[in-house]
Structures are given as structure tokens and as C-alpha cells.
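2 protein chains.
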Amino acid sequence: MREVSVIGVGMHKFGKFPEKRVEDLGREACLKAFQDSGVEPKEIESIYCGLALDEMTPGQRIGYEVGVPGVPTYNFENGCASGSTAFNDAWKAVSRGVIDMALVIGVESMSPVISGVIPIPPTVLMVKMGMYAPSLFGIFAYRHMHDYGTTLEQLAMVSVKNHDNGCLNPYAQYQKKFTIEQIRNSRMISDPLTLLDCSPTGDGAAAAIICPTDIAKKYTDRSIKVKASVMAVGGYQSSAPLLFSYEAKKSANEAYKMAGISPKDLDVLEVHDCFTIAELMWYESIGICEKGESGKLVEEGVTWLTGELPVNTSGGLLSKGHPIGATGVAQIIELVTQLRGEAGQRQVDDAEIAMALNMGGVNPGLIMGLAGNVFNVANTHILSK
Amino acid sequence: MREVSVIGVGMHKFGKFPEKRVEDLGREACLKAFQDSGVEPKEIESIYCGLALDEMTPGQRIGYEVGVPGVPTYNFENGCASGSTAFNDAWKAVSRGVIDMALVIGVESMSPVISGVIPIPPTVLMVKMGMYAPSLFGIFAYRHMHDYGTTLEQLAMVSVKNHDNGCLNPYAQYQKKFTIEQIRNSRMISDPLTLLDCSPTGDGAAAAIICPTDIAKKYTDRSIKVKASVMAVGGYQSSAPLLFSYEAKKSANEAYKMAGISPKDLDVLEVHDCFTIAELMWYESIGICEKGESGKLVEEGVTWLTGELPVNTSGGLLSKGHPIGATGVAQIIELVTQLRGEAGQRQVDDAEIAMALNMGGVNPGLIMGLAGNVFNVANTHILSK
Chain A
744 MREVSVIGVG MHKFGKFPEK RVEDLGREAC LKAFQDSGVE PKEIESIYCG
794 LALDEMTPGQ RIGYEVGVPG VPTYNFENGC ASGSTAFNDA WKAVSRGVID
844 MALVIGVESM SPVISGVIPI PPTVLMVKMG MYAPSLFGIF AYRHMHDYGT
894 TLEQLAMVSV KNHDNGCLNP YAQYQKKFTI EQIRNSRMIS DPLTLLDCSP
944 TGDGAAAAII CPTDIAKKYT DRSIKVKASV MAVGGYQSSA PLLFSYEAKK
994 SANEAYKMAG ISPKDLDVLE VHDCFTIAEL MWYESIGICE KGESGKLVEE
1044 GVTWLTGELP VNTSGGLLSK GHPIGATGVA QIIELVTQLR GEAGQRQVDD
1094 AEIAMALNMG GVNPGLIMGL AGNVFNVANT HILSK
Chain B
744 MREVSVIGVG MHKFGKFPEK RVEDLGREAC LKAFQDSGVE PKEIESIYCG
794 LALDEMTPGQ RIGYEVGVPG VPTYNFENGC ASGSTAFNDA WKAVSRGVID
844 MALVIGVESM SPVISGVIPI PPTVLMVKMG MYAPSLFGIF AYRHMHDYGT
894 TLEQLAMVSV KNHDNGCLNP YAQYQKKFTI EQIRNSRMIS DPLTLLDCSP
944 TGDGAAAAII CPTDIAKKYT DRSIKVKASV MAVGGYQSSA PLLFSYEAKK
994 SANEAYKMAG ISPKDLDVLE VHDCFTIAEL MWYESIGICE KGESGKLVEE
1044 GVTWLTGELP VNTSGGLLSK GHPIGATGVA QIIELVTQLR GEAGQRQVDD
1094 AEIAMALNMG GVNPGLIMGL AGNVFNVANT HILSK
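So the sequence lines, in the order shown, correspond to chains A and B. Numbering of the first sequence is given in the working numbering, commencing with residue 744 and proceeding in unit increments. Numbering of the second sequence is given in the working numbering, commencing with residue 744 and proceeding in unit increments.
Bound-form chain A, shown alone:
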């Protein structure tokens, strides 16, 4: 198995761009990735594109507009983890020698089709009964408060922190600071989660070019190594551990093992903060703190930009935005940017090892009340200098 590196990255700003097509969003991200890497479009051997909502062959359509028509193209849907799924499959192909040079795209155009909550398959009976993501995470929030003494202020702090970070990221959907009071006083969405406890819908794209590390070195000295890429998928389980994700745990633990590190070695972390409570739940699931300790972790400043382990320096889903298929690739781009030392005002000093956790899908067990985890797919990537 060959070591793989990210050789170039590019993004289309996340935001509301209802007038743009998927091609427009993806094109800008890809052209920046070409420029960033020094790779020419004709060198790309395969395209791996993540997109969650209904579009036909988005990878081909974007490839056609950026000078990469006619290469094998795979379009992936894995809910909110579509982008990192495309990255994972591309990594497999490059690491196993199927191809040398892959273009990974994450893209989503939500504005023309969605307002409000992300549509979840109506065959999921709990969803038919009104149990959309905000409803579930609202329940998780109250349960976390009940079980562990987590406070509404601690939840709000996650949003304050991520919006603070988003102010320093020109690609973020929102560049605006909020106070705890403003977050608590924003419109109630699903008690106790307010509007600012929830990630927004939006449009955007992210692209990365990957190749074997040996080849990457010929192009640039700014390439970043992929030390682990792991997908974990939801299994059968009791509904008891509502506040914990076995998939996130499994995915992260396998990734730590693959990279030969422990959570203590992480310098930068992007986690899937679709809701403030989600960020806290994943802290506990991936082992950066004990169960029930996540609220304190935020309150004590550990995961703020100036803390010991900054989390969601990009602004996270809460502030950077969450155009579904783009999110997983954008998280990886934040890791690359930090590890290169190119994150500007949000740069984490001496960042050497960074991890991203992207989650998506709905656990089919929810249909029967048999699964405690709302999410079905957890993809973990660990990158290093």
C-alpha cells in the first residue's frame, strides 16, 4: 500500500448562491485546486465526486468544465458524509495503485431545492412522524443536560467558538460574532436548540487532488500526507446509548491505529457540528474527553482557537456552513491549510497532526427504534505534515 498525499486544494465559498449551478460551484473549487497543486487537468486519471441531493453525474459535468472530460468518474451519495466517502474511495484507489492522480470533489447546491431541514427518506418511519434531525438532536441535548449536567450556556459556547473561527475564514458562509445571549435568544428551532445551535443550509464546493507521496514531492513541498482514512457504518444496537456514536468511535479508533497515534497527538480537529450538541457528543465518542465531560471541555477553553486542541477552526458546519456533499472535503481542506501553516489569523501554531470526522446518513435501526445513533456513516481522516 502506497502512502497518499494531498497535493492541492480549492474551495468555492460556502453561502447562498441560488443562481449558481453545481458546475459553477465545482468549477471554481477545481480550478483553484489545479492552480494550488501545479497539476494540469490532463494529468487527472479519475474523478471522485460526493453529492447528496438529486443531481445526475455531477462529477462528469464539473470535469467537463475544468478540462477533465473522459476519465472514469464515480459519484457518491452517503448523506452528509458524501464528500469524505468520495475522498475515502479515491484514497483507496491511489493507495492500492489503481491510479496515481485523483481529483476529489465535494459539492452541493441546496438553495434551489431546499429551505429548512434536510430531507430524510420518508421510508424512515420516525421521520414520517416528524423526527427530523433537529428534533432528534433537541432530545439529545436535553438528555445530555439531564445525564451529565451540561448547560445551555455550554451548548451556546460551541456556537460562539465556531462563529468566532468562521470570522477568520474567508470561505465561511457567515463571518459574524455572536454572544451566548444572542445564541440563546435566536429563534427556537427544536427545544432547546435555537437557530444558532443549528448549521445552516447552503451551497458550495471543495476540491482536493491526491497522489502517492513520492509523486507529490515532485510537484510541491506543500503536500500533506494522508495517514488514515476509515469509514465506519452503523450496525444493530440497542437504543440506550443515545448520546454516543459507536460509528464515530469505531472510525476514529481505527484511524488512530492506522496512523499510529492517540487522540493526545492531535493538534487540530474538525468534527461534524451539524448542531452544537453534536460537537459535544462527538468529542466523547472519539475519545478526546470522557463521557459527560464535553461541556466542560468547551467551557474551559480547551477546544477554542487558543486552546490545547482547537476544534472546527474553519468555523465548522455551524459557521462555515453545510452544503451537504461539500462538507467532508472542506473539512479535509481545513486540515491541509492548517498543516501547511497557511491558515492566516486562525492558524494553530506548530500544527503537525490533524483529524476530521464527517458523519452522515440515517441509521436504519431508527425505523424500529432499535438504534441509538441517528447517524449511519462516520468517516475519519488523519493528515500530517
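Just so you know, the hints here were simulated from the structure itself, not pulled from any lab data. Being a predicted model, the structure only gives us computed values, none of them experimental. All residues carry an ideal CB built from backbone N, CA and C; glycine is no exception. The reader is advised that the hints may include incorrect statements.
Claimed, not checked - What follows is a set of in silico ranges between Cβ atoms, one per label pair, in the way DEER data are often shown: (1) A:Lys785 / B:Glu1033: 30 to 38 Å; (2) B:Glu896 / A:Met744: 51 to 59 Å; (3) A:Met1001 / B:Glu997: 32 to 40 Å; (4) A:Ile857 / B:Glu1033: 29 to 37 Å; (5) A:Pro784 / B:His889: 34 to 42 Å; (6) A:Phe987 / B:Met872: 34 to 42 Å; (7) A:Glu1085 / B:Lys961: 35 to 43 Å; (8) B:Asp1008 / A:Tyr979: 45 to 53 Å; (9) B:Thr963 / A:Glu1033: 45 to 53 Å; (10) A:Pro784 / B:Glu746: 31 to 39 Å; (11) B:Lys785 / A:Pro1006: 27 to 35 Å; (12) A:Met1001 / B:Lys1034: 51 to 59 Å; (13) B:Gly840 / A:Thr1049: 57 to 65 Å.
Take the given structure of chain A and dock chain B to it, following the hints.
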């Protein structure tokens, strides 16, 4: 690279099942594939699922219902070639040693969401102007008649042949014979294509279990080898050769080379007969006859069940049906069934080498009138005893 074999297959009958969920369709196909192979669900290491229309994480949802929860699951969308794309990516993973045992699913539930033509991205301007698939293929038909003297009767014969074959396939959506007159006299859809020149919409699923040939032999002596798996994607091209698919040609030629055969070695062929004219166009594109000769090939009986090279013995898309994501996997199942000698009344004698061509997507060049090919993805698979 390891040789890969298909160790077991299963289908849910194609047809109109608006009351069934994607899970119901997929479950039946997968359970049959397990029974057929002797493989147990717990032995599956990864799921590769093809589905074209909007559903979230279908592979996980089906896996959950058939005892395969919790394995890495990739959901692919590549238009009408989604199923064969899933098969191609699974083949790569098994042949390169990423995993040993993969479950490939093709599935689609169209009845609840579609009546009439398959929706094509509205960003394709020619589609906005009314250029849906039937419109394009109607133009192709008239042009083929003009350029090569192909007749309306020859077009209709493709449908007669495939419906004859479909009568012998219990999994086909339609088991009904038609005469040339009945086909010509059916409702006009897009001049000169009538209703029976067009494949129907429908629901269905197909599943295949693949593993290295060495391992397959331990389970069964009915395994079938995958000799080639090739995806070709549409490039930039002039609009001149409207009646020819460069992708189909490229995909087939690379597959012939990979398998070490020529078109003359084929005993059984499934091609993407979304319309009668399509079957003729692909004959010429993949080199089983010269340009302009396809009409005669059908008229002379070469591609009928009793001919030299039977094509679409399953009934093809015209009679077996075309639940989009399921089609590519179902084609491969027909090859396996024929090569095993298990095709019953539609069995081709001494079938040793078989090929399937699955096509999908819309060439982005159509937007600008820059591409002659309506299709964007051509996947070719060659299997042998």
C-alpha cells in the same frame, strides 16, 4: 491484480411495485444472492450500491435488512449506468486486495416518483428546450434511416426480439409477444419511436456477490469469472457522429483487450437497449458489425436467440424493464445465468464468453451542442466460464 469471480446472484422481479420500498426490492435480491452463493451475510466486507434517483444511503438501508449492517458502504450514482459503476468499483476493490468479499446491489424504485420520461438535469439546456431522451433517440432513428437505409421494420424487430426473449425470463417486467405491426401501431412517443420502441420505467433490484476466483472455488463450482471491467466517460467531441458512441467503443475495446478477446469470441451480449435505435447504435459502436449494418444484423436474425450472437436474451431494457440503478447489475446477472447454463428456455448453447454494455448520464457537451453522444458513461463487463 487478482482475478475476480461472481459467486452468487439474485434479483427482485422488475415491474411496477409502487407499494415497495427500496429496502423491500433490495432485500429480496440480496437474500437470493446469499442463498445462491452459500456466502453468509457476516462474510460481506463491503457494500457497493448503485441507485440513480434521490434516496439517502440505500446500500446501508438494504444491508441493515439482510444482516450486513456496519460494513463500509458506498452508494453510487452514474445515471442509467449506476449499477455497473457500483460493480466496477467493487471489482477494483476486490481485484486490488482491499477486500475479499463484496456485495454489489443495483436498485431503483421509480413508480412512486416518476411517470413518463426519466428526469434529466434541468441545467442541461437542451433538456430545458424539450430534448429528453426519447426526443434525441427519435432524431437518431431518422438520421440512421436516412444515412444507412435502416427501416422502421428493422427498428421494430429489435423490440419483437427482446420481447420474445422477455417471455422466457420470469424476472422480466413484460412477458408478452408483439408483432412488428403491433409495435409500429402502438402510441407514438417521439417520431418515429412508438411506445414499444421505448423501455418502460419500473421498480426492481439485482444483487451479486463477488470475491477472488481462488476463494470462489471453495464455495461453489458455479462461479463465473470477471475477465474485464471498464468505465469510459464522455469527452469533448464534435457533434458530427450522432449515431455512434465513442464511449461505448472505448469501453468495449479496452474490455476486449483486458479479456484478451475480440468481438467474434462473444457468445452472449447484453446491450443498453433503452430504445430500439439504441441497440442498433451500440452494435456498431462496439464493433459487432460495421457502421450502418446494424439494421441488417437484426433482420438477418444474427442477434436473435437462435442466431450467431444472441443479444439481450434477458429481454433487455425494452422487455425486462429499466429500473435505472438496477439495470447494470441485472445485465451482469443475465451473463452469469447464461454462462452457468441456467437460463432455461432462453439458454444459449455452449455459452462461454459474455459481455454487457450499460450506458448512462448525459454528455455535458450537449449543453453547448458540442457533443454528438447523448450518453456520458459506458461500462463494459466481460465474463467467462
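Hint check:
Judged by the Cβ atoms, the range 30 to 38 Å given for Lys785 of chain A and Glu1033 of chain B holds: they are separated by roughly 32 Å. Between Glu896 of chain B and Met744 of chain A the C-beta distance comes to about 57 Å, which sits within the given range of 51 to 59 Å. Checked against the given bound of 32 to 40 Å, the beta carbons of Met1001 of chain A and Glu997 of chain B, roughly 33 Å apart, stay inside it. Look at Ile857 of chain A against Glu1033 of chain B: about 50 Å separates their beta carbons, and that is not inside 29 to 37 Å.
Range check, Pro784 of chain A to His889 of chain B: Cβ separation about 37 Å, and the 34 to 42 Å hint holds. The hinted range of 34 to 42 Å is not satisfied by Phe987 of chain A and Met872 of chain B, whose Cβ atoms lie roughly 53 Å apart. Glu1085 of chain A and Lys961 of chain B have their C-beta atoms about 52 Å apart, which leaves the hinted 35 to 43 Å range violated. In this structure the hint that Asp1008 of chain B and Tyr979 of chain A lie 45 to 53 Å apart at CB holds, the actual value being about 47 Å.
Separation of Thr963 of chain B from Glu1033 of chain A is about 50 Å and conforms to the stated range, judged on CB atoms against 45 to 53 Å. Look at Pro784 of chain A against Glu746 of chain B: about 34 Å separates their beta carbons, and that is inside 31 to 39 Å. Our hint of 27 to 35 Å for Lys785 of chain B and Pro1006 of chain A holds, since their Cβ atoms are close to 30 Å apart. A C-beta distance of roughly 52 Å is found between Met1001 of chain A and Lys1034 of chain B, which places it inside the suggested range of 51 to 59 Å.
Checked against the hint of 57 to 65 Å, the pair Gly840 of chain B and Thr1049 of chain A fails, with Cβ atoms roughly 45 Å apart.
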